[in-house]
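Residue strings, one per chain:
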Amino acid sequence: MSKSNGPRTEVLFKLFIYVALITLAIFIIVPVGWVFLASIKENAEFYGSPWAMPVGFHFENFIEAFNEAQMGEYLLNSIVVTVFALLILLVVALPAAYVLSRFKFRGNGFINSFVKAGLFINVSYIAVPIFLMLLDWNTVMNTIFGEGLLLNNRLVLAFIYAATALPFTIFLLSSYFETLPSDFEEAASIDGAGYYRTMFSVMLPMAIPSIVIVILFNFLLFWNEYILALTLMPGENQTLPVGLLNLMAAERSAVNYGPMYAGMVIVMLPTLILYIFVQKRLTQGMTVGGLKG
Amino acid sequence: MSLYRWGGFSNTKEFVGFDNFITLWNDVDFIQSFQNSILLIVVVAIFTLLIAVFFAAVLTKETIPGGNFFRVIFYVPNILSIVVIAGVFSAIYDPSSGLLNSIFGTLSLENFQQMWLGDQDIIIYSVAGALVWQAIGYYMVMYMSSMASIPPSFYEAASLEGASKWKQFTNITLPLIWNTIRTTLTFYIISTINLSFLLVKAMTGGGPDGSTEVFLSYMYDQAYGNSTYGYGMAIGVVVFIFSFALAAIVNHITKRDVLEY
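Protein chains in written order, with our numbering: chain A, 849 to 1141; chain B, 669 to 929.
Just so you know, these hints were derived from the structure itself, not from any lab.
Honestly, I wouldn't trust all of these hints.
Unchecked claim - Derived lysine-lysine pairs resembling DSSO-like cross-links, with alpha carbons at most 27 Å apart: (1) A/K862 - B/K835; (2) B/K833 - A/K862; (3) A/K964 - B/K923.
To be verified - Reference listing, derived: stretches of chain A covered by chain B, where coverage requires no fewer than 3 residues with Cβ under 8 Å from a Cβ of chain B: (4) 869 to 881; (5) 969 to 980; (6) 1112 to 1118.
For glycine and all other residues, C-beta sits at the position ideal for the given N, C-alpha and C.
With these hints in hand, go ahead and build the complete structure from the sequences.
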């Protein structure tokens, strides 16, 4: 492909690039789009060619998914868990990250490396130990209060989600705080602001770009997470992905595909909408510190 | 915990030293899951790396109308829940009404039609396909951000001296993003071990006959399904150490002098 071959190879190369790009785009758009189309198909249509367009808008699938498969309830559970987990996470992680990046105190280095070590721990490894721990505490609570509250509890799940996301979040936030010039804090303290005032009125507003990224990443993480939810919620109060998993198993054996794809759309749609609005920030934010668990 | 024999029903813990690890050494199912995991890591890492680097190079170096559109689309699989991905790929791989088989049907390439999720020899590659599909966008964005920081004057100088695009890529781009590639190799190991478990759990459940069982799904089955917690934790310890060792080895092998620019 040297220059002497002239513009012909150049054109061929361009063509090749376009074909490759479009092929990959099709590979991604078609399956996702297909699920959307399939979610409004009637059951009989699934026996024909999978490429046939849906005959009409068969929204009964969604109604069925919401009513019979309790997807509405799962949706509510997911929202509750995600919102609480994000709240807990921010309340703990923001001050922690600020302090770790700005103040020198005894044990500072140890805590910093402790947080970094936490980055290597994967949720999948510790799902079962967490379950056992909660089970143990449940038995203790049973003997004291007469009932165990730790399993099948949305708040406990939110708490654990927040805990598992802490190392990454603190790491990301404190590396952002470190880039902020300390002149602002000096100015604030000259103006008579205390530590809390400095943090809330000066530093946090300046860190908003990174806070937004943290919220986005962790929203996707919590919303899509299912192995902890599956393990810790064996009974009621399941979240959306677990509900979808049950729905998929049930509908496949019942050969009733419509609601299954409707369920998949319900899980996908919030993340897709969010993504369309913030895609620029998300792909930029990944470079701030990218690690996917 | 890995040093105890701990059944779920008796609820008694008994210290057994390294017995769990010795059992593990002779466990045929574990060795099968070990092989599957290694295969997945190698296949997924190679394919994702090649495809992601190629598209990252194309999207940063070539001026393409709609380049941003492609970047946005390629990242979409990464934001989908792994359960949804499992559902999508079940639809693609479905033997009778699946997308893949019907494409081969219309192109009259019936020989290529397979039981993608039923044949023990193929299914692991089907899983690998799904993993590559979801990983490309993420790594592509990472390589793109690293390539974007290479000063364009390097390329100008190279093209003045008559270096072809391929030469520019191998002599400028690759050495300068080598450090990013090294970092992502570690990510490939960690995330493939993790995501293959999530995907297998949602898509195939380890079947048929253990042919898609991977490290952590085997651990989960032993610990949660079988209630042999001690044994499950022993598997966890082995996998954890293994992934660290593998990452360290890969890191060591790929060590080059970091080029500054």
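**Asked** For the stretch 969 to 980 of chain A, do three or more residues have a beta carbon lying closer than 8 Å to a beta carbon of chain B?
**Response** holds (count 9)
**Asked** Between A/K964 and B/K923, does the CA-CA distance stay at or below 27 Å?
**Response** Given pair A/K964, B/K923 holds - Cα atoms ~23 Å apart, limit 27 Å.
**Prompt:** Are there at least three residues in the stretch 1112 to 1118 of chain A whose beta carbon sits under 8 Å from a beta carbon of chain B?
**Reply:** holds (count 3)
**Message:** What's the verdict on B/K833 and A/K862, does the C-alpha distance respect the 27 Å limit or exceed it?
**Reply:** Measuring from Cα to Cα gives roughly 12 Å; hence the hint holds.
**Message:** Need the status of pair A/K862, B/K835: alpha-carbon distance at most 27 Å?
**Reply:** 17 Å, holds
**Item:** Per-stretch coverage check for the stretch 869 to 881 of chain A, three Cβ contacts closer than 8 Å to chain B
**Value:** Holds, because 9 residues of the stretch 869 to 881 of chain A bring their Cβ atoms closer than 8 Å to Cβ atoms of chain B.
Checked against the numbered hints listed earlier, the structure breaks none of them; every hint is satisfied.
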